[in-house]
Structure formats: structure tokens, C-alpha cells
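Trainee: We have chain S already, so just place chain U on it with the hints.
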Amino acid sequence: MAEAQAAVSAGGARVDAAPPLLEVAGLKQHFPIVPNLVERLFGKKVRHVHAVDGVDLTVYRGETVGLVGESGCGKSTLARSVLRLYQPTAGSVKFEGREILNLPPAEMRRLRKDMQIIFQDPFASLNPRQTVEQIVGLPLRIQGVPKHEIRGRVLELLEIVGLPPGHIDRFPHQFSGGQRQRIGIARALAVRPKFVVADEPVSALDVSIQAQIINLLERLQEEFGLTYLFITHDLSVVSYVSDRIAVMYLGRIVEWAKTEDLFAEPLHPYTQALLSAIPTVERRGRRRERIILQGSPPTPIDPPGGCRFYERCFLKEKNETCRLVDPELVDLGNGRKVACHAVAGTL
Amino acid sequence: MLPDTERTINAEPILDVRNLRTHFFTDRGVVKAVDGVSFQLYPGETVGVVGESGCGKSMTAASIMRLVSHPGRIVGGEILFMGEDLVRKSEREMRRLRGNQLAMIFQDPLTTLNPVLKVGRQITESIRIHAGDDREDGGFFGWLRRLLDPSGRISRKEAWDRAVDLLRQVGIPAPDERMRAYPHEMSGGMRQRVMIAIALACNPVLLLADEPTTALDVTIQAQILELMQDIKEKRGTSILLITHDFGVVSEFCDRVIVMYAGKIVEQAPLYELLDNPRHPYTQGLLASIPRLGDKSHKVRPIKGIVPELHDLPPGCSFSTRCPLADEYCGRVEPELEEIAPGHLVACHKVDATAAGAKGA
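One line per chain: the protein sequences are S and U, in this order. Residue numbering for the first sequence follows the numbering used here, starting at 1 and increasing by one per position. Residue numbering for the second sequence follows the numbering used here, starting at 1 and increasing by one per position.
This is chain U alone, in the form it adopts within the complex:
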């Protein structure tokens, strides 16, 4: 694995999010779910996005996939994916990208798989829609065009064989039989493997994983993480992993982005972040996790609760919960600044937080 600085010189980012803003226009006001988020993802890299519920991490992923639905809207910024701006793509162009170069796996495989279709059908459908033929649009004329020109279309048999092979790759025993099972006949871990198989069906360049193991038991979570590690190594897929679990991040990611109230508050290579967290929020998060088998380490919670997104405090959003905040923090919003190579922090008190880094 290349160190972060080398990679930036050598490679173009595969994903370059610039000042992304996704807002929701609700009756109670404008909810700035994602508010000026910028980051890059390099080929073969795994970046973790952590934060508590409502911090905008899932909405960042949904925005990249262009899956934000009403009343939400991407109101600004650019999402450069292999040099092309996803924000300006038409729905049709996006559909061609999703499932091909861009794939996503979600938290709960039971709600994302269709309960009335056998899993084989769901995987082959995805293969047949995306592979070889990009005239996936429905309706009479789409059907007619496909009928008149069947070239480039994958046969049912071929798609079936590929699906069986995919299930084998994601470690499902007896894949031939499992193809004929309904989602409810499988365990949670198996369903998540099916989701991963669907996501991998067309060899995506970028995989967005939104809490892929949160609904699973620890021993199953370990299996899924190992599978994802394997995929990453064998295929060189770049992964954006969204999670609330610092443990998962520390076992799986190269770089970490910490979000709070719709903004990135800290971003650093994994061990830099764990050894030297500099944003008071990151420090607070790390201090509030109990250590396994170590009772002497007392958990220290962050006081207060995450503010409502439609009613954020002025200045720094974390100022109301921050132990270091003063009057200036409550007035002026801090910018992300680079304090070490690849280590960005958005905090006015960053000089004072070095002491807190040790204890976190």
C-alpha cells in the first residue's frame, strides 16, 4: 500500500468530491444534510466515513449515487468520478453508471432485496441489464430496439452461470441451489453476501458501502469484512465505507473522514487519526468507546446531543458540545486546514487539542 502522499503524486483521484451540498427542503426549514463536503478517493484506496446518525454520511453516499429523493436535492458542488461530473449527468446516464462502474451496498439486505423474487433472478437481472447492453431503458421502443438488434445482449444461460460464479466468489456454499432460494430463506450474512455479489456483478471501480455490517452479528460481520478485504485486494476496487463503528474503520480503512452535522470536521490517514486525533469531536468519539476487556479505561461521553440540522448553532456546529469552545467559536465557522500531510482539521482550537490527543 502506498503512503498517502506518494499516491497523490502518482495517481489521479477516482472520485473527487468538491464542495458538495445536499439540502432537504422541509416544512421546518432547510436541512443542510451535506454542507460543503470535499474529499478525494484514490484508486485501490478504502476510505471510511464515520459520524453519528444524522451527520450526513449516508447522504454523502446517496448524493454520489444520485439517489437523493424529494424533498432533498444536490444544490451545489461537483462530484468528479473518473473525471466526469456526476451532478450534471442525466438520469439515463446515471443509470448506465450505477451497477457498472459505481455500485452500492446497503445496511439492511432484507429491505434492499426483493422479497418475492428468487435471488438468482435478482442477480441475473442485474447482470443482463448492465453487462454488454446499455439500452436498459424500458418501454415499448426499448424492447423493440433490443428485439431488432440482440447483439451485445447476454443470454439467460450465460448470466446464470456468471451469477453462480459470483455467489461462489462471495463464499456462498452450494451456489447452484442458493440461486433458487428466496431472500427470507437465507440468513442475514448470506443475504449481505448476495447483495455484495449483485454489487460486484459488473466489476465496479468504486464500491459505496453504507453500514454493510451493522445489522449483522459479530462473527458474521467478521466474515463479511474478510470478504470485502479479499475483494479489495483481488480486484483493486476503491471502497467508500460508511459506518458509525470506529472498530470497523480501524480494521479496514486506509484513511478516515469524520463528519459532524453535515460537514467534514477531520480527515487523516488511519493511524494518524487514531494516534493523533485533533478535532475535539473525534477525540470525544474515541473517548466514549469502551475498550474491550479493559475496565480501567473509563468512558467519557460527549455532553449534550447532536443539534437539529435545520437549527444549527452559528459558527462551529460543535461549539455547543465542545469543551474548548469560546465566544469566537460560536461566531465564526472554522475551515478545514491541513495541519500535517493529509491531516485536515476544522477547528479554531487546533493548537490546544494536541494535549487531548493523547488521552483520547
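In isolation and in its complexed conformation, chain S is listed as follows:
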């Protein structure tokens, strides 16, 4: 216990000393579903997909924050809104203390040098008609690096991500999935970013290749002092790479904790179910009791009030309060936050 306390305060000190690199507050990203003309004549209203619905997130320099959740929970939308690839509906995103949601385009472009993204599908995210030099060189060109320097820089980047320099003039289809993901990483690193969003970077890869890419990302983090927002549905991967983890459910963060704490003692019922649902390689006689959730997540189109997990929640304590009152993300100290009436004692 003393040890754990010490670790917490050490971590806390590091966190308190430096201002956060990224600070997101009350971020909302709603997408309208506009009815067609006939539907409108019958009085159908515009509805909204509440993809991200009030998220607070802080990311400190040099750390890796994992963002987990099932498909449709809004984790990828959150990442894209943070990078302003979508214009968020409401909220604020501060990068190095500066609000970026109202930056004019030219300044935003300059800022993009510091924030990059690695995509999930290394097949869809690389232009099949461009060579590696063109793909990796594009961000450099946009940021105004002189033409004659680009090839040299690309060669350097290929070496960093572990691709043979001789492959610089090849096209994406000549590479395997893992190698393509390395190209995507080289492209993200080209402009020396401070902050990298990795959106399911290993989900499309085979396990043995997955491990190569994970190790590469870790090495790059050390070498270049990168800060990662690591999005994945794979809890084994996220537990391996992250310092802190945010669990999302239907557009909200339901639990926030340091990785060790989250796996040692998940507090939110959804997190508990999520952790117990993962099939793991267990040695003889170590099969666990699992919580099997009923049903699937409700639709994010105009979600009802109250706790969003109410329908699937298995806690005996759940009652009318849960159904009617939206639980706040309550700070429990030690960097733990949870949005559940039962855990926070607000039933």
C-alpha cells in the first residue's frame, strides 16, 4: 500500500508540475440527420447523432493516454474533433494552453505540424497512386520544406521506422500490412509532431506484426519525446502501451484511471464487464468468471437522459436515480474519475 501511495504521488508530482499539452473541456460533436423533403412534410424533425457528448480530457507531455470503448462509442470522432478534422459542436480544445477551435485556417495549418494522426487501415489511408516518397513527403511539402531536401528527409524517416531505403520509389501495394503501417507512421513523424493520435494503429495487423508496430511506437516515443493519444478497442494492447486510460461509452467518458489501477480494480460496471469479456490466454485452471452484458449499446441518436449504461447495467443497486439523472464524472482522487451513481455514492 505504501508503495502504491508513493507511486501515485510520484506520478502526481510529474503531472502537477507541467501544464497539460492538450486540454479538452466539454467537447461535443453532434452530427445532424436531416430528414428528406417527404419526411419533412410529415413533420419529421432534424435529429442528432451525439457522437461525442461532453468530454473532458487532459493529456500531459510525454505520456500515452489510451482511449478504449466499443465501436460507435465515439472514440475516433473524439480524436478527429480534437485535431479539428471535424469542427466540434461545442466545447474547448487547448493545445499548449492555446484555444484551437477558433484559430483561422492559416494558423491552424501551422499548428498541424505539431499534431499528427496514424490511421487504422494501412490499405485505405495511403494513396495507391503515389510512391512512398510522395506519401511521406507530402506533409513536408505542405509545411514548406524546400523540394531538394525532401528526398533526403524521407530516406531518413524510412530508416527511423525500419523500412529499407531502397523502397522509397515503391507504391503501397508492394508492401505488406505491417510495412504500410510503418509508412503511415513515417508520414505522421515527417513534420516532427509533439502530439500523435494513433487511431487503432495495430487493429488491422496480425499478432506477430502487431508486436513489431507496438515496439516501434514505444521506441519512437522515447526517441522523440512524443505524446500519444492511443485509440483502440483492444484492451490488451492499450494496457500495454498506456500510462492512463479513459473508457468511453456512448459519447461519454465513464471512467478515467492510471492503467495499473484500472486493471487492478475497475470501478464502473461497464469497465468491469469490458475487462471480463476479453478472452485471454489463460494457463490451466485459471478460467475466470465473466460478466456477460445483455444487449448492445443503444443508438447515439438523441440518447435519453439518465445514465447511458442504465439498460445494460447489472448492478443490483441501480434505481430510478440512474434512469433519470445523468451521472457526473466524479473525481475520486489519485487520478481516478468515474461516472456512476453507485460508485460515487449519489444514489
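There may be inaccurate statements among the hints.
[Said to hold, decoys possible] A short list of chain S residues far from chain U (calculated; beta carbon distances all over 10 angstroms):
(1) E99
(2) S125
(3) I142
(4) P164
(5) L347
[What the hints assert, rightly or not] These stretches of chain U come out as covered by chain S in the derived footprint (C-beta under 8 angstroms, 3 or more residues):
(6) 216–228
(7) 293–302
[Stated by the list, open to error] For each label pair, taking beta carbons as the anchor points, the in silico distance ranges come out as:
(8) L138(S) - P173(U): 48 to 56 angstroms
(9) N102(S) - D294(U): 39 to 47 angstroms
(10) P173(U) - N102(S): 45 to 53 angstroms
(11) D294(U) - E328(S): 25 to 33 angstroms
(12) L117(U) - R47(S): 24 to 32 angstroms
(13) G166(S) - G330(U): 22 to 30 angstroms
(14) R156(U) - Y86(S): 48 to 56 angstroms
(15) E328(S) - L117(U): 45 to 53 angstroms
In short, the hints are calculated from the structure, not lab data. Glycine is no exception: its CB is placed at the ideal position from the N, C-alpha and C atoms.
Mentor: Quick look at chain U alone, frame taken from chain S:
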């Protein structure tokens, strides 16, 4: 559950694949997708086939179902299913078996269900085609024969009731209403339940499941795995589960087959394989999986990439990536050998791999 050795004495295998070879004849050369695969599946047993993409695991299942399409062809071997060789069956005989004794579920239920038909229609169709009446062949004469002799044919009403019952069995709430839904109106987990209902429609003896939960979220995956476990226990269906996920295998299978580049490299009862993996590839696979919530366990990737199947290295296919390989491995292909009861390994260095088994 019987231990493996007892079962071999007591029962005949339900599926006995012998030296199966399925090759693809492409412009770039012959791709040996399945190259000399032999294994048995006993009644009530669940066997997992694991390996990375392109290792031939899906093609093994497709070959058993005889669903290999041009330019691929089964070029050799036998697939004995309840004593009969599927390789030599006519297409018509195969059609009678598929959906009856043999059923398959696929990875992506959205692409395997017909998007323009309501799910009720798709299930009843399968029931009416396969149950009771084996004159499923289309065309005028098939229709005429059925018209002249309607006995053995299941009525629409009867098929409908059976379908509703099946949907209830696979845990779909309000099955009556769901029968009238289109696939796109259902969630991924629901669609996979419908696929399972279709597969179970005629009480198959053998169920081939090709990555049945890969496209699903973990909480939904847990539901589907529980459902399959339930089916296995209640009906005694034998299952061949194809997956890339060792986690799924370790929660669900009795025995595991590891494939690499079209061949079986290791085969063992589940815990024997997890506790004592002896092929360097199996060891590498296990070492490259991050452990849940355990950061101290460093992942160790296998170096290099899976070789192209039309351009395999000579000797052992894994020799180019293997940490133990020497000149002999690059020259002579290893045979599967039994090193312990039920534990088969294809590796020249099997004596040296015992040390690696611990760390994997």
C-alpha cells in the same frame, strides 16, 4: 470431457482430414494455400485452428465445405466425414450435406446474409430446402417433381415456427418481430446470431466457424462465445473454430492446431500447447501477445513477415524467421512428429525448443 487419448480409443473421428492439398493456380505461380494438412476431429470436440492471415486456415475450412472456387482446386488428399470422402462427392451430394450435417458460419454476417431479404425468409428458406426434402435442385423438373409429390416437404407455417424457435434459442429477443427485419436493421451481434440460427437449422453434426467473432465488439463477442458454448454442450455439435485470436482459443477449444504457410506446424491439447509450446512459431505467436494489465511482460515480435505462398523458402517455411534455424532447416522440410501423446510438432530443433517453452 474425455481426455484426448481416451477419446481416440473410444470413438471414431467424425472428421478425418488426410494429407489435404488445396492449390491455387495463378499467373504468379502455384499458391499452395493448404499443403498436406492432416488432422482428426472427434464427436463433441472443439478444435481451434490458429495462424496469421494467409496461413491457410480459412482455406482448410473452405475445402472441407468444398467451397474452394476458381482458380483454386483440391489437388489431393481425403476429407473423411463420417467415413465418407467429401473430396469425391458430386456437387449435388455436397449440397445435400451442407446445411444438413455440415454447417458453416463466417466472419462477417453483413456480407453473408442477403441484404434484400428479411431474415425470416432466409432462415425458413434454409429449413425448407434442407429439412425433410432433399430434392432441392432447382429448374423445371425439380419443381415438377416436388409438385407431384409434396410429401416430406415442410409447410411454410411449420418452417416459420421452427425459425422463430431457433431465433429464441440463439437468444434473440422478440423473435417474432425480428423475423420481419432486414439484416441492416440488426446489430452485428444480432446478425451473427441469425447466422448461427441458420447454421443450426438442421442440427448439423459438424459446425465450421471461420472467425465468428472477429468483426464483433468484445462484450458482444463474449455473448456469441457463450452461445456457442451452450450449443456445444446441449447438442454435442463438433466445432472447428478458425481464428487468429489465441484468447478465443484458450477460452473455447479442447485442442489446437497451429498453421503456418499452408501447413500444420504444431497440434496439441489446449493446455499442453499453452504450457509447453514447442514450435518456434507457436512460441513466437504467444510471446507477441500483450498480457492484459501486465506491462512488465514485454512483447517480443517475430522478426520478418510471412513469406509469399507462391514463393516459399526451401526446407522449413518458417526457417527465414526462426531464431533457431540453421542450414539444415533451410534445406530439409520437417515432418510432423508426435513428441507427447497428442502433441505433434514439425520442427528439426524440437529438442532445443523446450527451453523456449517456458518464456513463451
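Trainee: If a hint holds in the structure, say so; if it doesn't, say that too.
Mentor: Consistency of the hints with the structure:
no.	hint	in the structure
1	E99	34 angstroms, holds
2	S125	18 angstroms, holds
3	I142	31 angstroms, holds
4	P164	12 angstroms, holds
5	L347	24 angstroms, holds
6	216–228	holds (count 9)
7	293–302	holds (count 7)
8	L138(S) - P173(U): 48 to 56 angstroms	50 angstroms, holds
9	N102(S) - D294(U): 39 to 47 angstroms	43 angstroms, holds
10	P173(U) - N102(S): 45 to 53 angstroms	47 angstroms, holds
11	D294(U) - E328(S): 25 to 33 angstroms	32 angstroms, holds
12	L117(U) - R47(S): 24 to 32 angstroms	28 angstroms, holds
13	G166(S) - G330(U): 22 to 30 angstroms	24 angstroms, holds
14	R156(U) - Y86(S): 48 to 56 angstroms	49 angstroms, holds
15	E328(S) - L117(U): 45 to 53 angstroms	46 angstroms, holds
Figure legend: structure checked against the earlier numbered hints; every hint is met.
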